[in-house]
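> Kindly generate the complete structure, drawing on both the sequences and the hints.
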Amino acid sequence: MNITRRQMLILLPAAAVAWESILAGTPESSPNYNLSEHWWGMLIDIPKCIGCGNCVRACQAENDVPDGYFRTWIERYHVTDSNLANPEVISPDGGKHGFPVAKEDKGKYFFVPKMCNHCAESPCTQVCPVGATFISPDGVVLVDQKYCLGCAYCVQACPYGSRYIHPQKRVADKCTLCYHRITKGLTTACCEACPTGARQLVDLKNPNDPIHAFLKTHAVQVLKPQMATGAKAFYNELDGSVR
Amino acid sequence: MPNFRDTGHLFRFAGIFVAAVLIFLAIRGWLVPHTFGQYGHYRGAALTEIAAKPVHFAGHQTCETCHSDIAEKKTAGKHVSVNCEACHGPLASHADDPSIQPAKLNTAQLCGQCHEASAAKPKGFPQVETESHANGVACETCHQAHSPAIAAGGAQ
Chain S
1 MNITRRQMLI
11 LLPAAAVAWE
21 SILAGTPESS
31 PNYNLSEHWW
41 GMLIDIPKCI
51 GCGNCVRACQ
61 AENDVPDGYF
71 RTWIERYHVT
81 DSNLANPEVI
91 SPDGGKHGFP
101 VAKEDKGKYF
111 FVPKMCNHCA
121 ESPCTQVCPV
131 GATFISPDGV
141 VLVDQKYCLG
151 CAYCVQACPY
161 GSRYIHPQKR
171 VADKCTLCYH
181 RITKGLTTAC
191 CEACPTGARQ
201 LVDLKNPNDP
211 IHAFLKTHAV
221 QVLKPQMATG
231 AKAFYNELDG
241 SVR
Chain X
244 MPNFRDTGHL
254 FRFAGIFVAA
264 VLIFLAIRGW
274 LVPHTFGQYG
284 HYRGAALTEI
294 AAKPVHFAGH
304 QTCETCHSDI
314 AEKKTAGKHV
324 SVNCEACHGP
334 LASHADDPSI
344 QPAKLNTAQL
354 CGQCHEASAA
364 KPKGFPQVET
374 ESHANGVACE
384 TCHQAHSPAI
394 AAGGAQ
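Sequence lines, in order, name chains S and X.
Here the first sequence is numbered in my numbering, starting from 1 and rising by one per residue.
Here the second sequence is numbered in my numbering, starting from 244 and rising by one per residue.
Among the hints, a few may not be true.
Stated by the list, open to error - One side only, chain X facing chain S, incomplete, derived with CB under 10 Å:
no.	residue
1	Ala-269
2	Ala-289
3	Cys-309
4	Gln-356
Claimed, not checked - Derived Cβ-Cβ restraints for the label pairs, each shown as a range:
no.	chain 1	residue 1	chain 2	residue 2	range
5	X	His-376	S	Pro-123	23 to 31 Å
6	S	Tyr-33	X	Ser-324	45 to 53 Å
7	S	His-218	X	Phe-368	41 to 49 Å
8	X	Phe-254	S	Lys-205	56 to 64 Å
9	S	Glu-237	X	Ala-351	48 to 56 Å
10	S	Lys-205	X	Leu-253	23 to 31 Å
11	X	Gln-344	S	Ala-157	41 to 49 Å
12	S	Pro-92	X	Gly-320	27 to 35 Å
13	X	Thr-291	S	Ala-14	26 to 34 Å
14	X	Phe-247	S	Arg-170	53 to 61 Å
15	S	Pro-47	X	Gly-320	32 to 40 Å
16	X	Asn-246	S	Ala-152	19 to 27 Å
Derived from the structure by calculation, the hints contain no laboratory data.
Glycine included, C-beta positions come from ideal geometry on N, C-alpha and C.
Below you can see the structure in the form of C-alpha cells.
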C-alpha cells in the first residue's frame, strides 16, 4: 500500500479519533431515561409528618446505610412560649424507631424530616479537590465512591449535615435521591414507604408534576435560604424556629 | 542571519520539550478515567454505576400487578394512599421470586408505629393509646388493615 505524506497526515488524526471511540465503548443503555429531561427535588409536607420513622428505616434498607449513620432522619421540635427562638429538638437514633410519646400538650410539636437538599449551587461539590462529588445533569448531588479520597471536606462544607464518611468504605456517603430507582421510573424508598404522603419526589422539569401548582398555593420554604445553596428540598409550612 | 548562529542547541532543547509534553499527555491520558469530563468535572461513568445499584422496594405498582384484589379493597378505606411496602417492608425479592414468602406482620406492634397516641402528632391524625385500647390484642383481630372503615370509630 502506497500512502503519500499528505494522506498519512490526514489518516493519523482520523485513526486517533476512531481509537478514542473504540475506547469509549458503546454508551450504557438506559431505556426511556433522558438525563436532560429531569430536574429532581423533594417536597416535604410538615403538617403530614407523624414521625413514624418509616422513611429512615426504608432508606437504611434500600441503601445499606450503616447503623448509626443517616441519609435521612427526622427531628422533633417542641416550641413553647418561653423558647420560641430555642426550641427543644430531639432525634433519638434519627427517629428510626419513632419518638417517645409526648404526654404534655403545652406548646407546639412538629416533625421535620431532613435529608440532602440536592442543592443546585451546592457547597459540598465546590470543595471537592478531586471531582469525586458532583451535581448530575438531572439535578442530583452524587458521590463517585471509586474516585473519593475520603478527605471529608464535603462533610464539613454541607450546611445541612447530610454527609458522612462511610465507616467501612472510608469514603463520603450521602443521599442519592435513590438515583438507582428514579432513573427506572420508581419513586425514592422514603417516598414509597411514607404512609401519609409527607414526602414526595418532584421533577421540576416535568410540566405535569403537581409541584408547580403546589408551589403557587402553599407557604413553601427551603432550609437556610440565606446561604443561597439553591436547595431543592421544599418544606411546606416550615416553622420559623427550624434551623 | 547573523543574529541566529549556532542554533543546534535550541533545536535539541525544543526536542526535549516536545518529548516531555508528549510523555505528559500520554501519562495523563492513561491516568484520567475515560469518561472524566463527559458531563462536567467528574467521571461520567459514575452515573451509570450508581444507577445500577439493586432495588429493594419493588414499588406499589409492581405489587398491584399480582395483588389487584388488595388494591381494589384498599380503594374503599382510609389506607388507600398507604403504599404496600410502608407496612410490609421492602419486598423486591418476593416480587422477583414469588416463592419467597414475606414474614407475617405483628400488627400489635406495627400499627402503633403510626397510630400510637402522642401529643406531638398532628391533631387530625387518627391515634389511640394501644395499651388501654387493646391490651396486647393484635389490631387485626377487630380491624382490617387493608380497608379500615371511614365511618366514625374505625372498627369493623
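> Against this structure, judge whether each hint is valid.
Here is what the structure says about each hint:
1. About 13 Å separates the beta-carbon of Ala-269 of chain X from the nearest beta-carbon of chain S, more than 10 Å, and the hint is not met.
2. Of the supplied interface hints, the one on Ala-289 of chain X holds, with its beta-carbon coming within about 4 Å of a beta-carbon of chain S, less than 10 Å.
3. Interface restraint check: Cys-309 of chain X against chain S, minimum CB-CB distance 17 Å, threshold 10 Å, status violated.
4. The restraint placing Gln-356 of chain X at the interface with chain S holds, with a minimum CB-CB distance near 5 Å, inside the 10 Å limit.
5. Take His-376 of chain X and Pro-123 of chain S: their Cβ atoms lie about 48 Å apart, and the range 23 to 31 Å is violated.
6. Checked against the hint of 45 to 53 Å, the C-beta distance between Tyr-33 of chain S and Ser-324 of chain X comes to roughly 26 Å, which is inconsistent with it.
7. The beta-carbon spacing between His-218 of chain S and Phe-368 of chain X, approximately 19 Å, falls outside the hinted interval of 41 to 49 Å.
8. A C-beta distance of roughly 57 Å is found between Phe-254 of chain X and Lys-205 of chain S, which places it inside the suggested range of 56 to 64 Å.
9. For Glu-237 of chain S and Ala-351 of chain X, the Cβ-Cβ distance of about 33 Å falls outside the hinted range of 48 to 56 Å, so the restraint is violated.
10. Checked against the hint of 23 to 31 Å, the pair Lys-205 of chain S and Leu-253 of chain X fails, with Cβ atoms roughly 57 Å apart.
11. Gln-344 of chain X and Ala-157 of chain S have their C-beta atoms about 46 Å apart, which keeps the hinted 41 to 49 Å range intact.
12. Taking 27 to 35 Å as the suggested C-beta distance range, the pair Pro-92 of chain S and Gly-320 of chain X conforms, at roughly 31 Å.
13. Checking the proposed 26 to 34 Å range against Thr-291 of chain X and Ala-14 of chain S shows it holds: the Cβ atoms sit about 29 Å from each other.
14. Between Phe-247 of chain X and Arg-170 of chain S, the C-beta spacing of about 58 Å keeps the proposed range 53 to 61 Å intact.
15. Between Pro-47 of chain S and Gly-320 of chain X the Cβ separation comes to about 22 Å, which falls outside the hinted range of 32 to 40 Å.
16. Taking 19 to 27 Å as the suggested C-beta distance range, the pair Asn-246 of chain X and Ala-152 of chain S does not conform, at roughly 58 Å.
When the structure is compared with the earlier hints, violations turn up for hints 1, 3, 5, 6, 7, 9, 10, 15 and 16 and for no others.
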